[in-house]
Amino acid sequence: MNEVTFGIAVLLATGLFFAKLAQLIRLPSVTGFILAGLVLGPSGFALLTMETVGHRLDHFTQIALMLIAFGIGEHIEIRKLGNVARDVGYISVVQAIGSFFLVTAGTLATSLLISGQEGIFREQLTWALLLGAVAVATAPASILHVVRELGARGPLTSIILAVVAASDGLAIMTFGMAVSVAHQLVDPTESSALTSILASLAEIGFSIVIGIATGLIIDVVLHKLHNREEMLTAGLALLLVCGETTRMLHLSPLLAGMMAGFILINRAERDVRLFRAINGFEPPIYVLFFTLAGVHLDIGALKAAGWLGLVYVLARVIGKYFGSWLGGVLSGAPAVVKNYLGLALIPQAGVAIGLVFMIASDPKISQWSTIITPIVLAGVVLSELIGPLFVRHTLEKGNEGNTEQLRPECQGRPSRLCNRWLKSPDGVSLSPWEEKSLHPATNAEGIVVFGACHAATARALSRIATILAHHYHALPMSVRVLKKTEKGMHTEKELEAMFLPERDEAESLGYPLRTEIIYDEPASGLVSAAEYNNARAVVLGYPLGRNPLVFQ
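Under this note's numbering, the first residue of the sequence shown carries the number 1437, and numbering increases by one thereafter.
Worth double-checking, as some hints may not be accurate.
Calculated lysine-lysine pairs in the DSSO-like style (CA-CA distance at most 27 Å, straight line) [said to hold, decoys possible]: (1) K1833 with K1774; (2) K1919 with K1929; (3) K1456 with K1833.
With beta-carbon atoms standing in for the labels, derived distance ranges [stated by the list, open to error]: (4) I1514 with L1637: 20 to 30 Å; (5) T1951 with L1448: 46 to 56 Å; (6) I1822 with T1951: 58 to 68 Å; (7) K1929 with I1514: 53 to 63 Å; (8) G1480 with K1456: 17 to 27 Å; (9) G1641 with E1513: 21 to 31 Å; (10) V1677 with H1909: 50 to 60 Å; (11) N1835 with I1556: 44 to 54 Å.
I should point out that these hints are in silico values taken from the structure, not numbers from a laboratory. Even glycine gets a Cβ: it sits at the ideal position worked out from N, Cα and C.
The whole structure should be built from the sequences, with the hints applied where relevant.
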């Protein structure tokens, strides 16, 4: 137990340290996590090995995989994909076909050139087909982490995540078909290829059914809960039950988790509170997951794979890129999708390794695992190190990443520092009103109320309230809600001075400003001011330096 606790501490600390180093040179955090794992694992200083922590941290991996799958489902909104569903369909299928055939043909041709007459064509074709099927799979975890880190939102992000989800489904289907053909090549007396194909389709279908059921149950449970901690506990429990159920039935936890998130986000009365609660829970789990992934990567696989490994990596990248490009051309996708989406599909990890394990456990084709395993692991090592860079590059090209060069309001600050700066008084700026003055209605009726609790935002709220008041033929009113204990503590001049910023702003637009001080709680104070003064509208400002739950 002490070794496991120490291992967790080392993984978290080292992963975070390397992530910060990666950020300094504009690399994704996930690259830093994986590099940290390589340094800690057998390929580095061997501080953590299978002998020290072994599989005793695997439960963190399983938790992370379900959170990752659930998070991908969150990004596949039908209403957002309505106009790009055609793009997703074409790109998903064509890039899968492209990577399958290029990897199969490339590794087969390389094997024939290397072995000459020594190899048996039937055997070489067998494992080349299996490699082609494995090449279809991607790495949802790495891709989603980069999306989350950049805060990427938009059509390109939605297409990428939808294609990733479809790719892993297609990988399972393609693998089932490839295994069927491999069985026929190894043993021509094999009963029928139809059985294996139906088995792969059943795996996908039942995984989706379990995911749908989980999503619906979560939706019902969430509507009965109101406490954030309770929602997180119940949601996580149901997701883990979903994952373990699919594993026991030899189905796909990733597909089930994706479908659960997909169902929840696409409900008519959707409840996104669980997604937000999980977002705050998952960072340390992600650090453990990706750093552990680095620990398990073996740099020696690069040497063992040799030319076949190099061809596998290159053929897969070319297949993903040009397959995505051709799919985009056929669907009429925008140029940024055609030209860059394929680069975001380079990462490969968990699903591919799972398929390799399935090859090793199949007695009819397990003999080829000694060839396939080092080749796939070499591809995983390289794609996990460089793949996140291409994902980030793709999102930046699509102007969907919150990086500093895409955010002029940051004034050169890094994204994370910018977010904090924008929430500080210094980060709130308002251009002077340069339009012509507004003229209040002769017989103004009602008011537009706003609560001014911070000098940095008072002017902006005053401007919005004044414009709304002009529309409603009303007057703007600033309400300062003070604590009941402050009653009698301020002089008249001090109270009047509190309203100076918003008064100046309203007057610059040509309107007088009404003011009122209420000694109460903020919410009830604003409500009472709105009711008593016949408010036509209420303007609410997002609180500086506070979280959305407090705002709600």
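Taking the hints in turn, this is what the structure says about them:
Under the criterion of a C-alpha separation no larger than 27 Å, the hint pairing K1833 with K1774 is consistent with the structure, at around 12 Å. The hinted pair formed by K1919 and K1929 meets the criterion: a straight-line CA distance of about 18 Å does not exceed 27 Å. Between K1456 and K1833 the alpha-carbon distance is near 23 Å, which keeps this suggested pair within the 27 Å criterion. Hint check: I1514 to L1637, Cβ distance near 23 Å, so the stated range 20 to 30 Å holds.
Our hint of 46 to 56 Å for T1951 and L1448 holds, since their Cβ atoms are close to 51 Å apart. About 60 Å separates the C-beta atoms of I1822 and T1951, a value consistent with the hinted range of 58 to 68 Å. For K1929 and I1514, the hinted distance range of 53 to 63 Å is satisfied, since their beta carbons lie about 58 Å from each other. Taken as a hint, the range 17 to 27 Å holds for the pair G1480 and K1456, whose Cβ atoms sit roughly 18 Å apart.
The supplied range of 21 to 31 Å is met by G1641 and E1513, whose beta-carbon atoms lie about 23 Å from each other. Look at V1677 against H1909: about 58 Å separates their beta carbons, and that is inside 50 to 60 Å. Evaluation of the 44 to 54 Å hint for N1835 and I1556 yields a pass: the beta carbon distance comes to about 52 Å.
Going down the numbered hints, you'll see the structure goes against none, and every one checks out.
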